[in-house]
Each structure stands twice: as structure tokens, then as C-alpha cells.
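For the first sequence, counting from 1, position 150 maps to 150 in my numbering; every step adds exactly one.
If you're looking for bench data, these hints aren't it; they were derived computationally from the structure. Accuracy of the hints is not assured; some may be wrong.
[Unchecked claim] Using C-beta positions, here's what the derived DEER-type ranges look like:
| id | residue 1 | residue 2 | range |
| --- | --- | --- | --- |
| 1 | GLN117 | LYS335 | 49 to 59 Å |
| 2 | HIS94 | GLU413 | 50 to 60 Å |
| 3 | ARG250 | GLU360 | 36 to 46 Å |
[Unchecked claim] Only pairs whose alpha carbons sit at most 20 Å apart, straight line, appear in this in silico SDA-like list of lysine to any residue:
| id | residue 1 | residue 2 |
| --- | --- | --- |
| 4 | LYS118 | GLU46 |
| 5 | LYS63 | GLU46 |
| 6 | LYS391 | GLU320 |
All C-beta atoms in this analysis are idealised placements derived from N, C-alpha and C, irrespective of residue type, glycine included.
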Amino acid sequence: MEIRSIRGMNDILPEDSILWKHVRDTMHRVLARYGFREILIPVLEETRLFQRGIGETTDIVEKEMYTFEDRSGQSLTLRPEATASIVRAYVQHHLYTSGKVEKFYFWGPMFRYERPQKGRYRQFYQIDVEAFGSNDPSLDTDVIASLYDFLAALRVPGVTIEINSLGCPKCRPGYHQALKAYFSDKQVKLCPDCKSRLVRNPLRILDCKVETCHALAMNAPNIHEFLCDTCKTHFRGVRGYLEDLRIPTRLNPMMVRGLDYYVQTTFEAVSENLGAQNAVAGGGRYDGLVRQLGGPDIPGIGYAMGMERLVMILKEAGEEPMEWPCDLFIATLGKDARRFGITLAAKIRKTGKVCEFSYEPKSLKALMKLANRLNARFTAIIGEDEMREQKIVLRNMETREQVTLPMDDSLPEMIVVSLDNADDSRSTQRPPFPSSFPEKSSR
RNA sequence: GUGGGUGUGGCUCAGCUGGUUAGAGCACUGGGUUGUGGCCCCAGAGGUCAAGGGUUCGAGUCCCUUCACUCACCCCA
1 MEIRSIRGMN DILPEDSILW KHVRDTMHRV LARYGFREIL IPVLEETRLF QRGIGETTDI
61 VEKEMYTFED RSGQSLTLRP EATASIVRAY VQHHLYTSGK VEKFYFWGPM FRYERPQKGR
121 YRQFYQIDVE AFGSNDPSLD TDVIASLYDF LAALRVPGVT IEINSLGCPK CRPGYHQALK
181 AYFSDKQVKL CPDCKSRLVR NPLRILDCKV ETCHALAMNA PNIHEFLCDT CKTHFRGVRG
241 YLEDLRIPTR LNPMMVRGLD YYVQTTFEAV SENLGAQNAV AGGGRYDGLV RQLGGPDIPG
301 IGYAMGMERL VMILKEAGEE PMEWPCDLFI ATLGKDARRF GITLAAKIRK TGKVCEFSYE
361 PKSLKALMKL ANRLNARFTA IIGEDEMREQ KIVLRNMETR EQVTLPMDDS LPEMIVVSLD
421 NADDSRSTQR PPFPSSFPEK SSR
């Protein structure tokens with residue numbers, strides 16, 4: 001019986017992981033510009049952390065967590081999201097004493113026990129961005145700007161950033177009441193799900209995809225008429241700054257977030273190119289969360305981005321798939337050549353070039369085929385003739401040009417020079433992904 | 001948890017109302033080129049038709065069960 005990976009948990013093979021790497025490289029580059037610093041957190045936490053952080057009644061906590069007891073009987077949970085852990089670390093290490101706004105980012109797997117479907121897996125990867133220590137709209141703006149910059153740098157096509165304000169514990173209850181009042185007399189027209197939402201969380205009805213519910217929701221009371229002055233001013237500030245930065249966003253008063261901790265600003269990056277799971281990133285402000293998890297009353301804001309979904313969009317948009325680079329393939333024929341070649345490979349690698357080697361004895365024809373398969377830009381041919389004459393043949397795989405180089409101490413250097421010259425003559429390099437998403441000028 | 005779809009060489013799929021040696025394309029290996037890749041031509045290897053049970057003279061094809069994958073609902077990234 002063949003052993004297979006378990007449901008909802010996928011292997012990311014090298015042909016895809018190169019794109020993942022590209023996304024992560026971009027993440028490091030873009031987020032560093034905003035002063036976000038990488039934080040690494042454990043995969044396992046005490047179950048209580050998520051119960052308190054995410055909310056006891058959320059779907060995540062109620063039915064989606066991988067929870068089990070360890071050998072000492074303690075209840076542990078594989079993290080279903082990163083925010084709670086990062087808040088925990090922030091509190092545990094007293095990072096709020098640093099005297100500055102602390103900004104973190106993180107990348108890693110999350111776990112939720114759900115039925116897998118397009119863009120949703122049981123082990124999935126998120127990029128997570130969090131900032132603590134200010135309630136000023138300028139921080140909201142910077143966080144959203146970092147998301148925008150990130151997507152722009154990746155040239156992600158067809159993405160819109162939607163924003164909204166959910167109000168705060170002071171003004172949201174009033175809105176809840178208004179929604180309940182509005183939907184109550186229209187209850188018969190609501191779908192079964194929305195009928196129960198009416199009791200549990202009327203906000204969710206706004207999000208319903210059923211035609212009739214959606215139509216009713218269109219005329220429902222608008223959250224922005226219920227925001228208190230503080231929230232109103234705050235949201236106006238965020239929108240104003242975003243406009244100053246020329247970051248295009250769309251106000252979506254119907255947007256609702258799924259986790260309990262969100263207040264005021266919420267936002268989502270939605271793609272037209274995904275399936276039913278169209279959110280690439282989502283986040284918002286969570287001013288009560290640090291306190292909720294035992295820290296001081298410090299505000300925070302952040303977002304999470306779904307790697308699989310991001311990569312999915314990029315793959316669809318990419319004209320040519322990315323490939324792992326190979327600068328040089330060393331093709332050897334015979335024992336003596338192999339011995340010389342493996343040493344040469346080591347020297348080439350010390351220069352920083354990517355170098356592959358012919359491990360298995362093959363005919364030259366087969367070796368050339370291999371060079372092709374390895375995507376090698378150059379092939380160094382070292383056979384019996386070359387060993388006898390103390391020289392090697394260097395072939396440019398693209399132009400088919402070959403030069404002969406002497407086997408002396410300068411050989412590695414000569415090879416590197418040839419490789420670099422070829423680089424310079426390649427006039428324009430096409431970007432890996434085209435874009436309809438406006439690229440903001442960088443560097 | 002609920003509903004739909006699909007399981008045939010490594011991959012993508014044909015296989016008509018059950019009929020006897022299960023096919024194609026791509027990929028792979030070898031050859032055409034005795035030391036030069038991509039294109040072309042030729043040849044070869046590779047399948048208990050997801051698994052189990054049933055109907056039948058006969059099942060890849062029909063029925064049942066299980067499993068897997070997939071899409072959608074719920075919810076979320």
C-alpha cells in the first residue's frame with residue numbers, strides 16, 4: 001500500500017517552490033522598507049491562547065483546530081493563525097517597553113481542519129504582518145500600504161483592496177440592533193443560514209452569497225451611519241492618508257471579518273482570479289487583543305496573506321514558469337574527467353555560480369540532453385580528448401557557441417568571465433510576471 | 001458536517017447501447033548522428049482499468065459498498 005500525504009496537506013515541489021521563493025524574497029525586501037522585522041513563532045501553542053484570542057464561538061475554535069494532549073496531558077493546538085501567537089510573544093517578552101511601534105512579519109504554515117477545496121487546505125501558508133503600539137490612522141495606512149506595495153512588487157493582476165470600518169465596542173452594538181431590527185421583519189425571505197445568523201451574528205448576513213439575502217442586504221442599514229465620533233474620525237483619517245499616497249482602495253460597507261477581535265479598520269485584498277475563496281489577504285485593527293491576552297491596553301493592527309492563493313494567481317498570470325537557475329553544467333566522460341570535473345565544480349561554486357555535475361556515466365549525447373533538462377546556460381565538456389590535451393570546451397547552450405579553455409589555475413576564473421560576458425550581452429530581461437496591478441516605482 | 005463531479009501506464013485523456021490481444025498524445029529509454037541538447041523519424045519499455053463484492057457465458061463498461069481526489073456550501077487566507 002502506497003503511503004500518501006494526508007488530506008489537505010500538500011507537497012510543494014521544486015517546480016512550484018521557486019515561485020514561492022520569489023514571493024518570500026519579495027516579502028523580505030518590501031516589508032523591510034517599512035521597518036517590519038521578522039519574528040519566528042512556534043507551531044504549537046497552549047489551546048487557551050487561541051480560545052481567548054480568536055474567540056470561543058468562532059468556527060475556527062469551535063470546529064477547525066488541531067487540538068491534542070501532549071504526553072504530560074497539556075492541551076496543545078497547532079496554530080490556526082499567527083496573530084494570537086505574535087501577540088503572545090509581544091506580551092511575554094515585554095516588547096511594549098521598547099518605546100516604539102513594534103512591527104513584525106512572519107511566514108509559515110497554519111493548520112485548520114476543514115474540507116479542502118480550491119484555495120483552501122488543512123495545512124496552508126500565511127504571510128503575517130502585525131504592528132503594535134499606535135492607534136493613529138497613519139499606522140493603519142502604512143500597514144495597508146505595505147500590503148499594496150507587496151502585491152504591486154509581485155505584479156499581482158486583478159486585485160482590489162477593499163476597506164471598511166467595523167466600529168468599536170461602543171458603537172457596534174447599536175449597529176447590531178439596527179441590523180436585527182431591519183432583518184427581523186424580512187425573516188421569511190432569508191436563507192436558512194441567515195436565519196441563524198440573525199441571532200448569532202447579524203453582520204454575517206451582509207456577506208451572504210444567496211441572491212435574495214444579498215438583495216435584502218443592499219438596503220440594510222449602513223455601518224457608517226452608526227459609527228461613533230472617534231471611529232468616524234479615525235476612518236476618515238485612514239482614507240485621507242490612503243488617498244494622499246494614491247493607494248487605490250474600494251470602500252465596502254458590507255465587508256465583515258470572521259474573527260472576533262477586529263475593530264475599526266478592516267481590509268481585504270480580493271482577486272477576480274480565484275475560485276470561491278477570493279480573498280488573498282485580510283486583516284484589520286484589533287485594539288483590545290493585547291489586553292485580552294494579558295498584556296497592557298495596547299492597540300494593534302495586521303493582516304494575513306494566503307500563500308497558496310497568491311501563488312495561484314501568479315501562476316495563472318505568468319507567461320513563462322520560473323525555473324531554478326543553473327549557470328553551468330559540467331559534463332564529464334570517463335573516470336579521469338570525472339575526477340577533474342568534480343573539483344572544478346567545487347571551485348565554480350565558490351565563485352557563487354550555480355553549478356551542476358554529471359554524476360552518472362552517460363554518452364555525450366545523453367549528457368547534452370541532461371544539460372537541457374537542467375536548464376543549464378553553459379556546459380563544460382570534459383572528455384578523454386580534453387584530458388589528453390589539457391583543455392576544456394565551454395558551450396553556450398543558447399547560442400551554441402563553443403570556446404576552448406586551457407586547464408590551468410585560471411580556468412575557474414576564465415569560465416566565470418565567459419558566463420558574465422554572456423549576461424551582459426543579454427540586453428533586456430523580461431519580468432517574470434506581467435501586470436495589470438499598477439507597479440509603484442521602487443528603488 | 002452537507003451536496004455535486006471524477007477515479008483507465010509517470011501526466012492529460014479516448015474506450016459508442018457489456019463481447020474476447022485496453023488505445024492515443026506528452027514524458028521516459030535506445031537508435032537514426034562511432035563525442036554535442038531542443039525539431040524530426042523509427043523502435044522499445046511501462047496498466048491487478050482506485051479497492052472489495054455482486055449481476056452475467058462474458059465487466060474498464062451495469063449494480064452495491066468503501067476509499068481517494070476535486071468543486072461548492074459553512075467559514076476563512
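Comparing the hints with the structure gives:
no., hint, in the structure
1, GLN117 to LYS335: 49 to 59 Å, "holds (54 Å)"
2, HIS94 to GLU413: 50 to 60 Å, "holds (53 Å)"
3, ARG250 to GLU360: 36 to 46 Å, "violated (56 Å)"
4, LYS118 to GLU46, "violated (30 Å)"
5, LYS63 to GLU46, "holds (17 Å)"
6, LYS391 to GLU320, "violated (37 Å)"
Hints 3, 4 and 6, counting from the list given before, are not met by this structure.
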